[in-house]
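**Student:** If you want the building blocks of each chain, they are given just below.
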Amino acid sequence: MSTVTWITARGLFGRRRFLLLLPLPLVLLGLAVLCRSLGVDPGQWGPPVLVGLGLAVVLPVVALIIGTGVLGAEIDDGTVVHILTKPLPRWQIVLPKLAVAAGVTAVTVAVPLYVAGVLADSVRLGLALAVAGALGALAYSALFLALSLVTRRPVLLGLVYVLIWEGLLGNFVSGTKVLSIQQYVIALADRIAPTGLLETSVSVPVASVMTALVSVGFTVLAIDRLRSFSVAGETS
Amino acid sequence: MSTLSLTGVSRWYGNVVAVNDISMALGPGVTGLLGPNGAGKTTLLHMMAGFLAPSRGTVTLDDEPTWRNPDVYRRLGLVSEREAVQGFLTAYEFVLASAKLHRLPDPAAAARRAIDLVELESAQDRRIGTYSKGMRQRARVAAALVHDPQVLLLDEPFNGMDPRQRLHMMQLLHTLGDAGRTILFSSHILEEVEQVSGTVQVMVAGRLAASGDFRTIRRLMTNRPHVFAVRSTDDRALAVALIAEASVSGVELDPTGLTVRAGDYGAFTRALPRIALNKGIRVRQLVPSDESLESVFSYLVEA
Chain A
1 MSTVTWITAR GLFGRRRFLL LLPLPLVLLG LAVLCRSLGV DPGQWGPPVL VGLGLAVVLP
61 VVALIIGTGV LGAEIDDGTV VHILTKPLPR WQIVLPKLAV AAGVTAVTVA VPLYVAGVLA
121 DSVRLGLALA VAGALGALAY SALFLALSLV TRRPVLLGLV YVLIWEGLLG NFVSGTKVLS
181 IQQYVIALAD RIAPTGLLET SVSVPVASVM TALVSVGFTV LAIDRLRSFS VAGETS
Chain B
1 MSTLSLTGVS RWYGNVVAVN DISMALGPGV TGLLGPNGAG KTTLLHMMAG FLAPSRGTVT
61 LDDEPTWRNP DVYRRLGLVS EREAVQGFLT AYEFVLASAK LHRLPDPAAA ARRAIDLVEL
121 ESAQDRRIGT YSKGMRQRAR VAAALVHDPQ VLLLDEPFNG MDPRQRLHMM QLLHTLGDAG
181 RTILFSSHIL EEVEQVSGTV QVMVAGRLAA SGDFRTIRRL MTNRPHVFAV RSTDDRALAV
241 ALIAEASVSG VELDPTGLTV RAGDYGAFTR ALPRIALNKG IRVRQLVPSD ESLESVFSYL
301 VEA
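So the protein lines, in turn, are chains A and B. Each residue of the first sequence is one higher than the one before, starting from 1 at the first, in UniProt numbering. Each residue of the second sequence is one higher than the one before, starting from 1 at the first, in UniProt numbering.
Because the hints were derived from the structure by calculation, they are not lab data. Treat each hint with caution, since some may be false.
Stated by the list, open to error - Below, computed lysine to any residue pairings styled on SDA-like, alpha-carbon distance capped at 20 Å:
no.	chain 1	residue 1	chain 2	residue 2
1	B	100	A	48
2	B	100	A	201
3	B	100	A	79
4	B	133	B	166
5	B	100	A	92
6	B	100	A	10
7	B	133	A	92
8	B	100	A	89
What the hints assert, rightly or not - Quick list of the computed label-pair ranges, beta carbon to beta carbon:
no.	chain 1	residue 1	chain 2	residue 2	range
9	B	109	A	163	37 to 45 Å
10	A	5	B	130	52 to 60 Å
11	B	127	A	5	18 to 26 Å
12	B	25	A	91	31 to 39 Å
13	A	201	B	8	53 to 61 Å
14	A	78	B	25	23 to 31 Å
Quick reminder that beta carbons are idealized off the backbone N, C-alpha and C, glycines included.
Can you make the complete structure from the sequences, with help from the hints?
**Tutor:** Right, dumping it as structure tokens:
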């Protein structure tokens, strides 16, 4: 494990903020278990729980907390200077941090998604949701990591993207769905396990290409931004 | 031996000029960067350390730019003013992580050497979060020294240190400077700089107001008359008596009292009680009105 990975992981798990990650996946799990045990028709609870809660809220919000935390928290408290004053090419800082963010998000989200998918339909749907969720975790993490270098309010901007762009505009202006990671995840999951529960609005090729593009593009942006990272003077 | 060179460096934020056309070359030894709060010291240090792009001019370390060039950190160490450390690490872990990030051949030995240098061995296995401000500062200095850099930049390193820790830090900087390292530290406290380094760069309002040997600059400053505010039972009579004094170069009389300009600080302060006693005047107040660092600096800027 590289030193950057180690410091990032310790920083992430060492902060209270980490506890914020637990409730959302637990709610998702709890609702799925409840619906199943009450014998509700999966056609009724599947879409709102799997998509409405799982893919539209739990995945992006967990990715937001972690993605803006791995570098943004260090920028906020100034400890980022310790890593930046080392003769490391900047990609060697961004990639390990992205790996930690995407990895932790994927694990945190994929497990409840898998369980919920199994309860709603089949193991195949569970796996599809987990895999698509992990890919989505990578794309979201790259986006939020880059946001934390582009703006001083990454969490706010990230929330605006998730809630306004993906959540609200997606319902009224169908064109915005082409630029919605949430839609890519749904399309990919539905491709792996076709069921009547997931309603897709972008094609699978578009979803695959855009997921890759978002992941790579924002990572490159983050590396470039970190190269020109400026510390604002406090006294002047 | 490394040289840090600044050529015509300016930095502005919108309409505000933080650093204004500064050129200097820093060689081996300890240099103090002196200036009142808000003079632009931190901005200048950040540009030297590659954390800020100059709006104009160049900052180079041995002819390589420091901006967008992480390779300079092989030879450069920075201790920033902001007291930021990963509090969940122990000092040893913290310094060791620095050594590993530098890809040193023997990180453990380097970490122990650096901790030894700042005398933090006894506390090295405690979490930094439990440290006092001075200890945290030393941990950060150890991390900045772990790769034995040729150039070390410190922003207000004595802040929050107790007198013993200050003394130790001063000795450490001296030792490093004598060993041929280029050390630059900033401070807004004249006495700190005086004790640590002979060479100073004085910044005022973003400009380089003076640079060179401290004692020479100090002497230049004492050529200026000292200004005192005096209040007494009979200001007019006192003014008449004072203007006859050789050490006094000017007296102003206004409703609130006297403003006295004295060429010789010592002679005037010895003469005043004698004159007052002879004339039977009671002196109610004697305040040196330009003793603050800022006014000394403003002299330098005007000069």
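**Student:** Look at each hint and say if it fits the structure.
**Tutor:** These are the hints, each one checked on the structure:
no. : hint                       : in the structure
1   : B:100 to A:48              : violated, 48 Å
2   : B:100 to A:201             : violated, 48 Å
3   : B:100 to A:79              : holds, 16 Å
4   : B:133 to B:166             : holds, 12 Å
5   : B:100 to A:92              : holds, 13 Å
6   : B:100 to A:10              : holds, 16 Å
7   : B:133 to A:92              : violated, 31 Å
8   : B:100 to A:89              : holds, 14 Å
9   : B:109 to A:163: 37 to 45 Å : violated, 52 Å
10  : A:5 to B:130: 52 to 60 Å   : violated, 26 Å
11  : B:127 to A:5: 18 to 26 Å   : holds, 21 Å
12  : B:25 to A:91: 31 to 39 Å   : holds, 33 Å
13  : A:201 to B:8: 53 to 61 Å   : holds, 57 Å
14  : A:78 to B:25: 23 to 31 Å   : holds, 29 Å
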